[in-house]
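Quick note, the sequences are listed as chains A and B, same order. Per our numbering, residue 11 is the first one in the first sequence, and the count goes up by one each step. Per our numbering, residue 560 is the first one in the second sequence, and the count goes up by one each step.
Just so you know, these hints were derived from the structure itself, not from any lab. Nothing here was measured: the structure is a model prediction, and the numbers come from that model. Heads up, a few of these hints could be off.
[Claimed, not checked] Simulated pairs of lysine to any residue, SDA-like, Cα-Cα distance not exceeding 20 angstroms: (1) B:K562 / A:H33; (2) B:K630 / A:L31; (3) A:K15 / B:D668; (4) B:K655 / B:A635; (5) A:K15 / A:E62; (6) B:K562 / A:E75; (7) B:K562 / A:G102; (8) B:K590 / A:E87; (9) B:K648 / B:V605; (10) B:K562 / A:K15; (11) A:K15 / B:K630; (12) B:K590 / A:E90; (13) B:K630 / B:L670; (14) B:K562 / A:E90; (15) B:K577 / B:R618; (16) A:K108 / A:R91; (17) B:K562 / A:R26; (18) A:K15 / B:K655; (19) B:K562 / A:V70; (20) A:K76 / B:A572; (21) B:K562 / B:T676; (22) B:K562 / A:L31; (23) B:K562 / A:E87; (24) B:K562 / A:R74; (25) A:K76 / B:K655; (26) B:K562 / A:T41; (27) B:K562 / A:G37; (28) B:K630 / B:T707; (29) A:K76 / B:D668; (30) A:K15 / B:T561; (31) B:K562 / A:R34; (32) B:K630 / B:R609; (33) A:K76 / B:R609; (34) B:K562 / A:G73.
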Amino acid sequence: MDIDKVFKALADPNRRRLLDLLHRENGQTLTALCEHMDMTRQGVTQHLQQLEEANLVAIVWQGREKLHYLNPVPLHEIHERWIEKFERNRLGALRNLKNKLEGNDNDKT
Amino acid sequence: MTKPSFVYVTYIATTPEKVWQALVDTDVMRKYWADPTADAPAHENVSDWRPGSQWEHRRLDDARTVDIVGKVVESAPPRRLVFTWARPKDAEDDSKHSRVTFDIEPHGDGLIRLTVTHEDLERDPQMLAGISSGWPKVLSNLKTFLETGRALPRAPSAS
């Protein structure tokens with residue numbers, strides 16, 4: 011799988027939002043996802059297709075229903091390649107500090 | 560089929576036969592199957608992988624502690640393996656079992672597409688949380704192992 015596609019797919023806030031929506035509830039239909047997206051159905055379809063090509067979204071057909079699943083495997087590979095080999099503990103401490111100071115939760119994009 | 564709880568997909572530069580062997584051969588499995596709660600590969604799955612047989616997910620400690628058990632539902636080498644998944648105390652209670660399916664499909668260009676589907680995990684929320692972080696690691700380790708012949712490097716200095 012082409013890692014460029016994964017980074018490109020993640021570079022768009024609408025696509026990250028779709029991944030967040032699937033993280034909250036896995037296996038949603040296009041119609042369900044559209045309810046939370048401020049764009050045309052066609053726009054959402056195109057974003058989902060890009061996520062699918064990057065292997066960040068996996069499709070399961072149930073009868074005539076097309077269900078979208080968050081596939082975290084490419085994210086895990088990025089994590090292994092770019093994060094885990096660095097000093098994880100210190101990064102964790104920095105993140106905690108940042109969250110404490112900013113009052114953020116981790117799910118925000 | 561019920562609606563799956565999780566679907567994981569990875570593409571691996573290998574053959575369906577090698578993936579199958581990695582799923583059923585204990586010696587191969589030890590090299591990549593990580594314990595979801597620990598950093599080191601620390602489990603093996605033991606069975607004869609015939610439909611109806613039991614399987615056990617055992618820790619590689621001295622006691623070979625069994626953490627997960629289940630029954631083999633379908634076994635079609637080298638394409639499809641289906642088994643149930645439960646805590647040892649729920650071994651006899653099918654209503655507590657979730658279900659794991661491995662589908663191995665040739666994808667062209669020397670790649671295979673491996674799909675892992677885990678269904679009915681909602682029956683055990685605690686298991687659901689553990690599983691969701693465990694599978695990506697197992698699949699990522701499996702891919703590295705099959706493509707490079709070694710398990711994932713653990714040392715911070717490894718590239």
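Going through the hints against the structure:
no.: 1; hint: B:K562 / A:H33; in the structure: holds (16 angstroms)
no.: 2; hint: B:K630 / A:L31; in the structure: violated (34 angstroms)
no.: 3; hint: A:K15 / B:D668; in the structure: holds (18 angstroms)
no.: 4; hint: B:K655 / B:A635; in the structure: violated (25 angstroms)
no.: 5; hint: A:K15 / A:E62; in the structure: holds (10 angstroms)
no.: 6; hint: B:K562 / A:E75; in the structure: holds (11 angstroms)
no.: 7; hint: B:K562 / A:G102; in the structure: violated (35 angstroms)
no.: 8; hint: B:K590 / A:E87; in the structure: holds (18 angstroms)
no.: 9; hint: B:K648 / B:V605; in the structure: holds (18 angstroms)
no.: 10; hint: B:K562 / A:K15; in the structure: violated (28 angstroms)
no.: 11; hint: A:K15 / B:K630; in the structure: violated (38 angstroms)
no.: 12; hint: B:K590 / A:E90; in the structure: holds (17 angstroms)
no.: 13; hint: B:K630 / B:L670; in the structure: violated (30 angstroms)
no.: 14; hint: B:K562 / A:E90; in the structure: violated (30 angstroms)
no.: 15; hint: B:K577 / B:R618; in the structure: violated (23 angstroms)
no.: 16; hint: A:K108 / A:R91; in the structure: violated (23 angstroms)
no.: 17; hint: B:K562 / A:R26; in the structure: violated (24 angstroms)
no.: 18; hint: A:K15 / B:K655; in the structure: violated (39 angstroms)
no.: 19; hint: B:K562 / A:V70; in the structure: holds (9 angstroms)
no.: 20; hint: A:K76 / B:A572; in the structure: violated (28 angstroms)
no.: 21; hint: B:K562 / B:T676; in the structure: holds (10 angstroms)
no.: 22; hint: B:K562 / A:L31; in the structure: holds (17 angstroms)
no.: 23; hint: B:K562 / A:E87; in the structure: violated (26 angstroms)
no.: 24; hint: B:K562 / A:R74; in the structure: holds (13 angstroms)
no.: 25; hint: A:K76 / B:K655; in the structure: violated (27 angstroms)
no.: 26; hint: B:K562 / A:T41; in the structure: holds (17 angstroms)
no.: 27; hint: B:K562 / A:G37; in the structure: holds (8 angstroms)
no.: 28; hint: B:K630 / B:T707; in the structure: violated (32 angstroms)
no.: 29; hint: A:K76 / B:D668; in the structure: violated (27 angstroms)
no.: 30; hint: A:K15 / B:T561; in the structure: violated (31 angstroms)
no.: 31; hint: B:K562 / A:R34; in the structure: holds (16 angstroms)
no.: 32; hint: B:K630 / B:R609; in the structure: holds (9 angstroms)
no.: 33; hint: A:K76 / B:R609; in the structure: violated (32 angstroms)
no.: 34; hint: B:K562 / A:G73; in the structure: holds (11 angstroms)
Checked against the numbered hints listed earlier, the structure breaks hints 2, 4, 7, 10, 11, 13, 14, 15, 16, 17, 18, 20, 23, 25, 28, 29, 30, 33; every other hint is satisfied.
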